[in-house]
Amino acid sequence: MSLHVIMFSLLAILAIATGVLLVTRRNPVSAAVSLILHFFALSGLYLTLNAQFLAAVQILVYAGAIMVLVVFVIMLLNLGKEQNMRENFNPRTAITIAMSAALIMQLVLTFTGNPTGKNQLSAASEKIGSPAEIGNILYSTYIFPFEAISLLLLVAVVGSIILAKRTVDK
Amino acid sequence: MVQDLLFTAPFTFLSVMAIIAMVLDALIVNSSRITFIFSAITLLFSGILGISTFGLHGIGFNGMVTGGGFAAYFDILFSIGGLLTILTSRQYLQRENIEHDEFYSLVLFAVAGMMLIAHSNHLLILFIGIEVMSVSFYILSGYMRNNAKSVESSLKYFLLGAFATGFLVYGIALIYGSTGSMDYNQIALNINNNALNFPALLPVGVALIVIGLSFKAAAFPFHQWAPDVYQGAPTIVTAFMSTAGKAAAFAAFIPIVTVLMPSAPVKLQMIFAVMSAATMLIGNISALAQTNIKRMLAFSSVAHAGYIMMGLVSGSQYGYSGIVFYLTAYMFMQIGSFIIVAILERNGEKYLELSDYAGLSKRHPVLAAFMTIFMFSLAGIPPFAGFFGKYFLFTAAIDAGFLWLTLVGVLSSIISVYFYIGLIVKMYFTEPEGQREDNEVGMSGLSLIITIAGVIVLGILPSGILSIASNLFNSTH
Amino acid sequence: MPQNIPLEYYLALSAIMFVIGAAGVVTRRNAIIIFMCIEMMLNAVNLTLVSFSSYLGDASGQMFVFFVMAVAAAEAAVGLAIVLSLFRSSQTVYVDEVNLMKW
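Residue numbers (this note's numbering), protein chains in the order written: chain A, 437 to 606; chain B, 878 to 1354; chain C, 31 to 133.
Please keep in mind that the hints were generated in silico from the structure rather than gathered at the bench.
Wrong hints could be hidden among the right ones.
DSS-like mimics (lysine-lysine), calculated; alpha carbons at most 30 Å apart, straight line [what the hints assert, rightly or not]:
| id | chain 1 | residue 1 | chain 2 | residue 2 |
| --- | --- | --- | --- | --- |
| 1 | B | Lys1227 | A | Lys601 |
| 2 | B | Lys1144 | B | Lys1303 |
| 3 | B | Lys1303 | B | Lys1026 |
| 4 | B | Lys1303 | A | Lys601 |
| 5 | B | Lys1303 | B | Lys1227 |
Cβ-Cβ distance ranges computed for the label pairs, FRET-style [claimed, not checked]:
| id | chain 1 | residue 1 | chain 2 | residue 2 | range |
| --- | --- | --- | --- | --- | --- |
| 6 | C | Glu127 | B | Asn1169 | 19 to 27 Å |
| 7 | C | Thr122 | A | Gly500 | 39 to 47 Å |
| 8 | B | Ala1141 | A | Met443 | 33 to 41 Å |
From the three backbone atoms N, C-alpha and C, an ideal C-beta is built for every residue, glycine too.
Can you make the complete structure from the sequences, with help from the hints?
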């Protein structure tokens, strides 16, 4: 067994386990912590795919910025455990779980063969994942979307201040 | 580079001006009047820029965006929608006591996002455009922070919208994986040449992207958010979201469907036909039972998404130009009726029930007459714009061999007549109850006149816009 | 055990994660947890994009992931602000307790 296979199996198991924990934990803080672990597992998976720069950004943006914000809001609102989640086990939940299970079965069946015929990372992948190459492409071919996304960030900053501010002094 | 900038001129201009509007608001004390005028003029100019770039044709920024023609037409349409919203909003915001200048900048940003959607020639631009528009909408619909309904509508919109974004992105990822590209032209080329990496993934990707976009267009079965969000959001925001937002969703749909249709033409047509029929019926039947006018118009807006989808079913140039025509007509009639609702509404959600419209003809004969025209047009009664819009879409569906869909369309139009005419009957043939304060019309009057002119002109002389619309699809698009 | 991981394994893994996230969105009541489940769905998509990008040797998949991350950050800011203002107006973050209007 190569290192690639071992790493993939461990990280995949970790990713799925933390994902399930996120969906089932009643306490929002434990859910948030499992999501953070999930992000670390994903970052490891990116490394197995030769996407080094993305792996670093994944930790910085998701675990470092977004999840800190989420945990901060949970603390701020002082949320307790979600009450009566079990009593809330209605037909909708049952249908969801049944459908998810069916879908996952279907996926596993579909992918047990090798329909795509791709067994190996492309030779170019090592180059693509490097910060230098990503910077090159981002500031040449992708310059227009790069500028456009700044609009979105501006909207988000202004909007969240408007929504979250308690009073507006005129 | 200059050429690239020219292609996106309305978008670039609008986004720069939106940022300046935000700075103005920070620098000047009591700036609301200035920001208001500034934003209105900005939208006017971006519309003019849209007209002047209309003749261009090509692809810019390394194949990311298209310019001229189709994109420019939608630039103009979105600018008109934004302008009508802003003209109406000042008075409404003052009355609701929520006039913060960010409102105008947010409307400008939302319009910029819609323009990105119309310009997109790359799945990434489409995605960014949809997000800029949606995030602005989430904020705008929760703009009345102290009103629980507004916050609730914002939360529902946000959660379901972000959920739908997940499906949209997954669809994009699978289409990218199976065709090996995100560029529309390249995707179309690879599909037509059957040069696919993973043919099995393409239909899944197509299905997911259709789900994501139908959510934005509020089509069955992804329409459940629409009534709640449209009812809870501030009335002018609803007017804006339900028209310009829907137009943007279809501006995304048309190029995507053009590109992806060859992968499974019969199945895709059938899917759109079933969605269209169900959307029309459910929208109109649910609207029958409503007592709140905003909710009624919200369901009617769902139904209209169904009519517009008939154009996608046909998948032809004729159907697409029918969509463009209908979106234009719909922009005027829907915003027009919401402007009247906004004028009559009073602080604290008063006068939003259908019963509050009893005897409107005696108190406000002009408003009642205008409302009557909008309702006739929405119901598709000649000689107003809505009639020709429906006519073009219905004939497009028949040409494509979907006679049953047209029959469902006619049937649901007949159902819709019941509640549209019901409102007119209420306004003209029942007595008003009690006294109430007078309603000033102000700047909303200007946008009312624009919308009514649009509805009547498009109804009497539909051929002009229709020939422009069908020329949009003559060339590569 | 194979010596290399075929692309399908990555695709199946991300599909499973996407389904788990979607199931969470449908079953949970806490708006913040629903939001976290949506983040997980977006991450599953990111994994699909990165694996396509690496196996096909094409950079646009990885580029797209950057933009998805930026969008996720923007949505996080706005979403949490909405949750805060919801908590302020109705003292709850449970979506089934928010029903002034008919769903």
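* Would you pick out the hints that fail for this structure and give their numbers low to high? => 2, 4 and 7
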